[in-house]
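J.: Last residue of the sequence shown? That's 326 in numbering that gives the first Met the number 0, and every number before it is there in order.
In case anyone wonders, no lab produced these hints; they're calculated from the structure. The model shown is predicted, which means the values in this text are computed figures rather than measured ones. Every residue gets a Cβ at the ideal spot worked out from N, C-alpha and C, and that includes glycine. Among these hints, one or two may not hold up.
[Claimed, not checked] Once the Cα atoms are required to be at most 30 Å apart in a straight line, the calculated DSSO-like pairs of lysine-lysine come out as: (1) K291 with K2; (2) K291 with K205; (3) K115 with K2.
[To be verified] Derived Cβ-Cβ restraints for the label pairs, each shown as a range: (4) T1 with S56: 43 to 49 Å; (5) I53 with D273: 42 to 48 Å; (6) Q92 with N294: 25 to 31 Å; (7) I53 with Q234: 30 to 36 Å; (8) S56 with R267: 32 to 38 Å.
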Amino acid sequence: MTKKALVCGVSGQDGAYLSRFLLGKGYEVHGTARDAQVAGFTNLGKLGIRDRIIFHSMALNDFRSVLHVLSEVRPDEIYNLAGQSSVGLSFDQPVETLESISVGTLNLLEAIRFMKCRTRLYNAGSSECFGNTGGQPADENTPFRPRSPYAVAKATAFWEIANYREAYRLYASTGILFNHESPLRPERFVTQKIVKSACRIANGAKEKLMLGNIEIARDWGWAPEYVEAMWLILQQEQADDFVIATGETNKLADFVAEVFACVGLDWRDHVESDAALLRPSEIMVSRANPEKSANALGWRASYKMRDVARMMVEEWGRSAFEAQKVA
């Protein structure tokens, strides 16, 4: 019998790659948007799968809306990837961020409990919950020290999942994902901003890349392979939480240098600091210990930061070439 998956946040980076992965596994994939009639679903179009998804209008912050869609679809698996996804933007929109993430997660849990169904729920957690990890890599038992409204919202959703799993025996799991990038990242994310600026400069643009603190250090992975870990989390006999990461941490300056090297440039000639881009409270170092996911899920990241930088630059080049052919 064909399994049904409901992907909340289907139009985002992770939602698009996950949908493609699930279709490859033979799933019937349903996706949600606030208004499915007017949503563009551009990322799904880029992957060539837009016409293979069944869309539903659903407001995660409205319990009745959530209950209606779950009752209609009756999914075997739900992947909650929805909600405001930018750390920087969360400082400007704290209420919307908290509501879209924590209230949305609670509504999904309540709907599953109310329906008394055997649906399995995956919740997208975030390494931002850990705050500064310093020299000690974070694992599933590391205490949370959130430093942004986004991280506070994600930490709240994590504990909602844990509470419903314990109190009501729901199959609900959180994947605590560290940074994962791809060509589908919006340009408001710093990695995509760096790649596009470097490629434009390499093609003759007279511009400077303005960045905030380039001494921050992150664990950067490749989004298309992280979605397999999401799926594996819901295939386990018991619901549980897992850190998903490469286990390798690099400074943002290293990512910048790698991207510019890929286009034959020295980044120091093209990058300037802008104090206006500094965040009110910045995480300086984010390190991960993904051994549990390696041992329990059999999943390890194949691509590290340098691979990610190279692949993003290569994809930008392909996209530019295709655009020139069309023109």
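J.: Would you pick out the hints that fail for this structure and give their numbers low to high?
T.: 2, 4, 6, 7 and 8
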